[in-house]
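Trainee: Based on the sequences and whatever the hints tell you, model everything.
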Amino acid sequence: MNPRRLRAIVRRVVAEIRRDRPSLALLFIAPVVVTGLLTFILREAETPAVTAVLVTSPDAPAPIAAALHISLTSGGITVVDAPDEVSARADVRVNSGWVAILLPPNLAGGTITIVTNGLNPQAEGAQIGAVQKVLVSAAVAAAGARAPTITHETVYGAPSTDPMVPFAPAIVAFFLYFFVYLLTGISFLRERTGGTLERLMATPVTRSEVVTGYAIGFGLFATVQVAVVLTWALGTLHVPALGPLPAFAIGLGIPVVGSPVIAFLVVVLLGLGAVSLGIFLSTFARTELQVIQFIPVVLVPQFLLSGVLFPVDTLPSMLRPLVAVMPLGYAVDALRQVFIGGADLAAGALQADIYVLALVAVLFAWIASLTIRREVV
Amino acid sequence: MDAAIRAVALVKRFGEVAAVNGMTFDLAPGRIYGLLGPNGSGKTTLIRLLTGMTKATSGTAEVLGVAMPSRPNLARIGYMTQGDGIYPALTAGENATFFAAAYGIEDKARVREALALVDLADRDKTIAATLSGGQRRRLSLACALVHKPQVLFLDEPTVGVDPLLRVQFWGHFRALADAGTTIVVSSHVMDEADRCDELLFMRAGKVIARGTSAQLRDEAGTKDLEAAFLHFAGEGTVAA
Numbered sequence: 001m002n003p004r005r006l007r008a009i010v011r012r013v014v015a016e017i018r019r020d021r022p023s024l025a026l027l028f029i030a031p032v033v034v035t036g037l038l039t040f041i042l043r044e045a046e047t048p049a050v051t052a053v054l055v056t057s058p059d060a061p062a063p064i065a066a067a068l069h070i071s072l073t074s075g076g077i078t079v080v081d082a083p084d085e086v087s088a089r090a091d092v093r094v095n096s097g098w099v100a101i102l103l104p105p106n107l108a109g110g111t112i113t114i115v116t117n118g119l120n121p122q123a124e125g126a127q128i129g130a131v132q133k134v135l136v137s138a139a140v141a142a143a144g145a146r147a148p149t150i151t152h153e154t155v156y157g158a159p160s161t162d163p164m165v166p167f168a169p170a171i172v173a174f175f176l177y178f179f180v181y182l183l184t185g186i187s188f189l190r191e192r193t194g195g196t197l198e199r200l201m202a203t204p205v206t207r208s209e210v211v212t213g214y215a216i217g218f219g220l221f222a223t224v225q226v227a228v229v230l231t232w233a234l235g236t237l238h239v240p241a242l243g244p245l246p247a248f249a250i251g252l253g254i255p256v257v258g259s260p261v262i263a264f265l266v267v268v269l270l271g272l273g274a275v276s277l278g279i280f281l282s283t284f285a286r287t288e289l290q291v292i293q294f295i296p297v298v299l300v301p302q303f304l305l306s307g308v309l310f311p312v313d314t315l316p317s318m319l320r321p322l323v324a325v326m327p328l329g330y331a332v333d334a335l336r337q338v339f340i341g342g343a344d345l346a347a348g349a350l351q352a353d354i355y356v357l358a359l360v361a362v363l364f365a366w367i368a369s370l371t372i373r374r375e376v377v
Numbered sequence: 001m002d003a004a005i006r007a008v009a010l011v012k013r014f015g016e017v018a019a020v021n022g023m024t025f026d027l028a029p030g031r032i033y034g035l036l037g038p039n040g041s042g043k044t045t046l047i048r049l050l051t052g053m054t055k056a057t058s059g060t061a062e063v064l065g066v067a068m069p070s071r072p073n074l075a076r077i078g079y080m081t082q083g084d085g086i087y088p089a090l091t092a093g094e095n096a097t098f099f100a101a102a103y104g105i106e107d108k109a110r111v112r113e114a115l116a117l118v119d120l121a122d123r124d125k126t127i128a129a130t131l132s133g134g135q136r137r138r139l140s141l142a143c144a145l146v147h148k149p150q151v152l153f154l155d156e157p158t159v160g161v162d163p164l165l166r167v168q169f170w171g172h173f174r175a176l177a178d179a180g181t182t183i184v185v186s187s188h189v190m191d192e193a194d195r196c197d198e199l200l201f202m203r204a205g206k207v208i209a210r211g212t213s214a215q216l217r218d219e220a221g222t223k224d225l226e227a228a229f230l231h232f233a234g235e236g237t238v239a240a
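If you're matching them up, the sequences are chains A and B in order. Residues 1 to 377 in our numbering are what the first sequence spells out, letter by letter. Residues 1 to 240 in our numbering are what the second sequence spells out, letter by letter.
Keep in mind the hints are simulated off the structure, nothing from the lab. Treat the hints with care, since some could be wrong.
SDA-like, lysine to any residue: derived pairs with alpha carbons at most 20 angstroms apart [what the hints assert, rightly or not]:
{"hint": "1", "chain 1": "B", "residue 1": "LYS55", "chain 2": "A", "residue 2": "THR151"}
{"hint": "2", "chain 1": "B", "residue 1": "LYS223", "chain 2": "B", "residue 2": "ASP197"}
{"hint": "3", "chain 1": "B", "residue 1": "LYS55", "chain 2": "A", "residue 2": "PRO3"}
{"hint": "4", "chain 1": "B", "residue 1": "LYS55", "chain 2": "A", "residue 2": "ARG207"}
{"hint": "5", "chain 1": "B", "residue 1": "LYS55", "chain 2": "A", "residue 2": "THR113"}
{"hint": "6", "chain 1": "B", "residue 1": "LYS55", "chain 2": "B", "residue 2": "ARG6"}
{"hint": "7", "chain 1": "B", "residue 1": "LYS55", "chain 2": "A", "residue 2": "THR371"}
{"hint": "8", "chain 1": "B", "residue 1": "LYS148", "chain 2": "B", "residue 2": "LYS223"}
{"hint": "9", "chain 1": "B", "residue 1": "LYS148", "chain 2": "A", "residue 2": "THR371"}
Mentor: Structure below.
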């Protein structure tokens with residue numbers, strides 16, 4: 001190794017990065033912001049407020065119910081009374097943070113059933129734990145008997161021990177969003193820097209035709225990608241033993257209650273939004289490296305704040321308003337409803353998510369088309 | 001005959017800088033005009049104003065009697081950018097077909113004709129990225145010609161082109177002009193200027209002189225165009 005030549009190479013590398021201001025800024029600012037955000041989310045994580053729905057049916061042992069009411073309230077849990085089991089279940093169905101407690105007629109040795117919404121298993125873990133703790137001690141104190149058995153039911157889906165269930169919808173949505181953004185951002189950057197966009201704008205082609213064309217073109221690949229990912233994630237193909245080869249299965253076999261077709265629709269809408277985002281952000285990038293550098297700025301916060309890893313209910317309250325502006329959050333919510341809740345298109349909450357995703361796709365397409373004018377002028 | 005291109009008191013400012021600073025001229029149809037001037041003299045901005053790629057700060061730019069920017073009018077205008085402006089992953093044929101479609105032309109014969117005109121007929125199926133530099137420039141020209149424009153803007157079309165190809169290019173340009181196309185070529189290569197029917201010397205966003213190559217040299221009393229340019233630019237004469 002020749003030290004002079006080596007020094008020349010090192011100098012050139014340093015000079016080049018030093019002059020790439022956006023890269024330089026992101027090199028230092030992005031890790032600080034991302035690690036800061038992550039630390040804030042973990043340290044300031046809030047225990048979600050728990051609301052217990054207590055059935056005060058005539059069958060229920062009244063003194064125990066009353067004692068339980070006091071214990072739950074003193075344990076920081078809001079208690080709501082419901083006249084019967086049906087109405088308690090209805091309350092939990094519409095309020096995702098609520099836990100219904102169904103007491104048996106005879107508490108001693110009986111089974112207490114707790115019912116949760118089920119759409120967000122991660123967040124519910126903490127809520128169930130809080131209720132269970134109070135429940136066991138109160139029941140033992142009140143009945144003086146051995147601890148009752150507690151079973152868990154969910155309004156949507158069934159309680160699952162599969163650790164992938166809460167994550168699967170979020171992971172499918174996030175990775176599609178990520179790859180479609182990257183693919184479109186880099187392709188469109190090439191269109192801008194390669195002079196083809198300028199040339200295209202000197203033809204009668206309109207900006208909206210360019211953006212729509214991109215959306216459909218990349219949308220086709222996104223559609224195939226979604227189909228492949230969903231088939232892989234949801235399917236299980238059992239391959240029987242063949243000669244010396246043992247039997248094995250292909251696919252992650254994640255259980256899905258709802259229609260994979262609706263899940264597909266949701267993810268495609270998210271993908272179209274990602275196409276427009278890629279076109280929009282390519283305006284601010286001069287190199288492919290810079291397109292990649294937008295990931296910590298644009299995609300990582302969405303990853304942290306859309307309920308992919310951390311349930312939205314446990315986020316620091318300061319950050320929670322931001323969740324409303326994360327397109328990914330709507331897709332994750334919609335997919336959880338379909339995967340776990342089995343929601344169909346008639347479900348109001350799912351419709352709301354789909355409308356927001358469609359609106360985001362159209363809005364970003366419009367903004368993206370404006371950036372094309374900016375480029376050409 | 002009506003002018004093919006007309007500029008009236010045309011101004012384009014970028015902040016404090018006037019890239020085009022009050023240009024008025026008429027260009028007749030079927031002729032080759034050369035825009036000559038140093039880098040930063042406003043050649044590219046003028047072409048962008050005339051192709052409607054950017055809006056004038058004041059004044060008007062008309063092409064074929066239509067004020068620019070006008071999207072429908074772009075179907076009658078061809079534009080070859082400074083860069084190649086072609087899709088490297090597509091074949092030569094696919095590139096030309098794509099730009100033809102952008103101009104609303106679906107006729108395959110027209111694509112073949114454009115490729116043949118720049119001697120790329122046999123490269124139809126070749127991926128553009130694997131073409132030589134000169135072939136890519138030719139493909140770029142074919143993409144600008146595929147819709148048979150009445151007015152053709154060529155922004156430094158022969159930069160990085162070898163002398164032999166340059167001769168071929170000028171052969172194409174002359175043939176197009178003879179067929180009635182008005183051609184505007186920007187260049188800072190003075191020896192190319194002799195091939196133009198008429199020259200516009202540009203400097204600091206203004207047309208400082210206009211005429212045929214011979215007229216400009218006579219007027220400046222110099223033998224070569226470079227010296228004539230310096231004469232008009234007010235930078236003294238250079239011994240020719």
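Trainee: Next, verify each hint and record whether it holds.
Mentor: Hint check:
no. : hint                : result
1   : B:LYS55 x A:THR151  : violated, 71 angstroms
2   : B:LYS223 x B:ASP197 : holds, 18 angstroms
3   : B:LYS55 x A:PRO3    : violated, 54 angstroms
4   : B:LYS55 x A:ARG207  : holds, 16 angstroms
5   : B:LYS55 x A:THR113  : violated, 71 angstroms
6   : B:LYS55 x B:ARG6    : holds, 15 angstroms
7   : B:LYS55 x A:THR371  : holds, 16 angstroms
8   : B:LYS148 x B:LYS223 : violated, 37 angstroms
9   : B:LYS148 x A:THR371 : violated, 30 angstroms
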